[in-house]
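Asks: These protein sequence lines are chains E and U, in that order. For the first sequence, the working numbering assigns the number 3 to the initial residue and increments by one for each residue that follows. For the second sequence, the working numbering assigns the number 3 to the initial residue and increments by one for each residue that follows.
Simulated from the structure, these hints should not be mistaken for lab results. Please note: incorrect hints may appear among the correct ones.
For identical chains, the list gives no copy identity; a pair is met inside one copy or between any two copies.
With a straight-line cut-off of 20 Å between C-alpha atoms, the simulated SDA-like cross-links for lysine to any residue are [unchecked claim]:
#, residue 1, residue 2
1, 199, 13
2, 199, 8
3, 9, 213
4, 73, 28
Note that the coordinates shown come from a computational prediction; the quantities given were computed from them, not determined experimentally.
There are 2 protein chains.
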Amino acid sequence: MLAWDQKVTMPEGGHPARADQLATLSKVVHERFVDEELGRLLERLRPLEESLDYDSDDGSLIRVTRRDWEKQRRVPTELRVELTRAAALGNQVWIEARATNDFAKFLPALQRNLELKRQYVDCFEWEDSPYTPLLDDFEPHMLTSEVAEVFGTIRPVLAELVQQAPRVDAEFFEQSFEAEKQEEFCKRVLDTLGLEKGSYRLDPTVHPFCTSFSNRDVRMTTRYNETGIDALWSTMHEAGHGHYAHGIADSLQRTPLATSPSLGLNESQSRTWENLVGRSRPFWLHWYERLQDTFPAQLGDVDLETFLAAVNRAEPGLIRVEADETTYSLHIILRFELEQRLVEGSLDPKDLPEAWSAGMADLLGVEVPDDTHGVLQDIHWSQGGIGYFPTYALGNVISLQIWASVREALPDLDAQMEAGELGELAAWLRDNLYSLGRKFTPKETIERITRSPTIDPQPYLAYLREKLAALPAGA
Amino acid sequence: MLAWDQKVTMPEGGHPARADQLATLSKVVHERFVDEELGRLLERLRPLEESLDYDSDDGSLIRVTRRDWEKQRRVPTELRVELTRAAALGNQVWIEARATNDFAKFLPALQRNLELKRQYVDCFEWEDSPYTPLLDDFEPHMLTSEVAEVFGTIRPVLAELVQQAPRVDAEFFEQSFEAEKQEEFCKRVLDTLGLEKGSYRLDPTVHPFCTSFSNRDVRMTTRYNETGIDALWSTMHEAGHGHYAHGIADSLQRTPLATSPSLGLNESQSRTWENLVGRSRPFWLHWYERLQDTFPAQLGDVDLETFLAAVNRAEPGLIRVEADETTYSLHIILRFELEQRLVEGSLDPKDLPEAWSAGMADLLGVEVPDDTHGVLQDIHWSQGGIGYFPTYALGNVISLQIWASVREALPDLDAQMEAGELGELAAWLRDNLYSLGRKFTPKETIERITRSPTIDPQPYLAYLREKLAALPAGA
Chain E
3 MLAWDQKVTM PEGGHPARAD QLATLSKVVH ERFVDEELGR LLERLRPLEE
53 SLDYDSDDGS LIRVTRRDWE KQRRVPTELR VELTRAAALG NQVWIEARAT
103 NDFAKFLPAL QRNLELKRQY VDCFEWEDSP YTPLLDDFEP HMLTSEVAEV
153 FGTIRPVLAE LVQQAPRVDA EFFEQSFEAE KQEEFCKRVL DTLGLEKGSY
203 RLDPTVHPFC TSFSNRDVRM TTRYNETGID ALWSTMHEAG HGHYAHGIAD
253 SLQRTPLATS PSLGLNESQS RTWENLVGRS RPFWLHWYER LQDTFPAQLG
303 DVDLETFLAA VNRAEPGLIR VEADETTYSL HIILRFELEQ RLVEGSLDPK
353 DLPEAWSAGM ADLLGVEVPD DTHGVLQDIH WSQGGIGYFP TYALGNVISL
403 QIWASVREAL PDLDAQMEAG ELGELAAWLR DNLYSLGRKF TPKETIERIT
453 RSPTIDPQPY LAYLREKLAA LPAGA
Chain U
3 MLAWDQKVTM PEGGHPARAD QLATLSKVVH ERFVDEELGR LLERLRPLEE
53 SLDYDSDDGS LIRVTRRDWE KQRRVPTELR VELTRAAALG NQVWIEARAT
103 NDFAKFLPAL QRNLELKRQY VDCFEWEDSP YTPLLDDFEP HMLTSEVAEV
153 FGTIRPVLAE LVQQAPRVDA EFFEQSFEAE KQEEFCKRVL DTLGLEKGSY
203 RLDPTVHPFC TSFSNRDVRM TTRYNETGID ALWSTMHEAG HGHYAHGIAD
253 SLQRTPLATS PSLGLNESQS RTWENLVGRS RPFWLHWYER LQDTFPAQLG
303 DVDLETFLAA VNRAEPGLIR VEADETTYSL HIILRFELEQ RLVEGSLDPK
353 DLPEAWSAGM ADLLGVEVPD DTHGVLQDIH WSQGGIGYFP TYALGNVISL
403 QIWASVREAL PDLDAQMEAG ELGELAAWLR DNLYSLGRKF TPKETIERIT
453 RSPTIDPQPY LAYLREKLAA LPAGA
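Hey, can you work out the whole structure from these sequences and the hints?
Replies: Below is the structure:
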């Protein structure tokens, strides 16, 4: 709540006190969570856990909470405080360094964050890579080697797809779209996505995100740019996260299970609503005329085929957050490879800009003009968020595995989307995925839907191949 | 923050979880505050306190916190839980009872709240009245007998003033004023009141209030009615509360001293900005033309004298929150007298509607048509807020005592207000009052400004007499 308010409603004068408030509260929460007493209580619950079904709410609650407790207990409070401090300082330095294209300025903060992350890794046991404990914070139970295998499969296919993709005209997006009309249209679409009325809100912010304070109090945010209507897909992306939070079972509310099993699974749903729904032909068969009516000056002369080609095009670029569906995972793979090398010690942080440029040339065939548009573009490393990036691409991959099950269960889905009906899709995903919360591991959760625990990139690659093949041949 | 959000931004679906969140957090805060360890620490600080000036920040911090700790420790946790529960239930029942004009439905909840309040009173020692411990929660160090004396002085004068006040035409307010224009004008005025830019925000809500999360993060709220422009005085009222929070010294932030010494003192400042500034001739000499320009259809033909007479008129009515400056305190006196009798046991709650009607006839000369417009109109009793009402009228009284000192210190104030300049007023009040926070008792605080610790109603009565005498003779 403090964080949401900070990014959405707080007057700027509130920043210093808010930082203190967040620090105090997270300290209090952490102290209470790692208390010996909680460990004793969990121990006393072991017989109960063993007597319960693996699938039961209470059994899961004990099992998952014990894992959390044991994990958090391994990290000394002083290290945790240092990590928090270094993250805050690093973030401050990064803002300046990025604005002035000054990697040297950022380097010491990055080194400090990395050094602390290595100390953090040392609190855990790992088998395949020291990167695994970092990954585990965002994608629990996932090994670095498993991610590497998935990424190893998709890397060459994506690179080839990008290279072969036709050039598509999308210049019509390079116009001004009135912010109030964008907001009105985004809210209109959002209201049809199957979220219960009165359970959510959408607010403007600088860096869109979604959070929730219960399954009936979901806060999505978006950004209305002056140029283009990216706000719409940003809204649908956050609506996917919102759906997850909204769908978690009532019985899990106010427990550690009232969230998704991993960032990858959560991202799979933001990608589902943003891309699999929000860039699909059936969706736009319903909405495109309405969008044209909203922006007649900008889109009156753009036909549906031109529009669909533009929103599904693949085009290499420098910036991850502006990347299209096909190139996006390549941006992630670069970061994953660099992160691993940094953590394993085979890449010196000072050589990062060079490695970045080489990777971008190799993966996307683009030349990086400066660090602001290169290694300094993302906030994550500045605040110690190492191990986070892979979950974005895993989300892309997982979204298509789940989508295959959706398609099987709802053969009528295209017709529903063409009619502007998304309620059945939302209900199916809620009943089969969102409602489970964090009761099961990510793989157990995926298996419940797809009948296989494996993260299989083939549906994702098939989807991209088909999508790109459908684009009109380039100019 | 949870409470502000609940009233300003939360989607309605969030209510059940929010109630749990508020309950959990207040339980945690209470447990930590009444911990034995805090008592031991305060005891260890006694020698330090005795070595420090009475006026020092640290000395005040120890002294005031010890009083808080000792007071809170007297109330058993179970009673506190029961009080919270009864308040929540009472509030729920009141909403229904008020909507259906059904006092009988509300009666059991009121009786329960009263019974618990008596148990609460029994946790304390008192001399003059069992009402004093309740009053002390809102107006610390104040005796019931002192309030009774002040109210005894103003009661007959106010009743007479109201009776003699000329009838003033204010029909022009009974028109529709566009909400967006009201909001724009309110914000325009608010931006000139001497609050630092970027330190506050103003949002619409149902029941306007003000809260703050630091002295640079002040949240004011208001309500834009369809009829009239009460939103403006509501905004200036909340801006007075906002000024208090905004002016508290940096050195007191994040301590128990970072608030006002009492609700009465806080209310004195909301009344100062709402009435002494916001209904004054000099203020409107600057703003009235601007208001006319904003609402030409509604106010183009209303001259300044007519407008000033309307906003300063005295007119008996049934509803406290709609009452004018003169009649307002009479509404409060009725509630204070009834509360005392309820707590002392000389009035049976079932006889409350009758006593209410008799009091309204006696004090304001109005006939109460039903309980919705009578005893059920206020939220306070439903949630156990007994002892709160007197602070409103004390605020009126105190505001004029402080205003006399302001006048002396700023002989130029009228000219400044005529020029639309309120910065010096804000700065003087900040330096002499707001910055002190809760370092001193209410009376000590008043004495620092007025050189007398007595609550003296004469300036208040003189102000009303003068104001009402200046009204044009009635139709």
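Asks: At 20 Å max between alpha carbons, let me know whether residue 73 reaches residue 28 within a copy, between copies, both or neither.
Replies: The answer is within: 16 Å in one copy meets 20 Å, while 29 Å across copies does not.
Asks: Using 20 Å as the alpha carbon limit, work out where residue 199 and residue 13 are close: within a copy, between copies, both or neither.
Replies: Intra 28 Å, inter 9 Å, cutoff 20 Å: inter-copy only.
Asks: At 20 Å max between alpha carbons, let me know whether residue 9 reaches residue 213 within a copy, between copies, both or neither.
Replies: both (11 Å within a copy, 19 Å between copies)
Asks: If the cut is 20 Å between Cα atoms, do residue 199 and residue 8 qualify within a copy, between copies, both or neither?
Replies: Between copies only: 17 Å across chains, 25 Å inside a chain, cut-off 20 Å.
Comparing the model with each numbered hint stated earlier shows that all of them hold.
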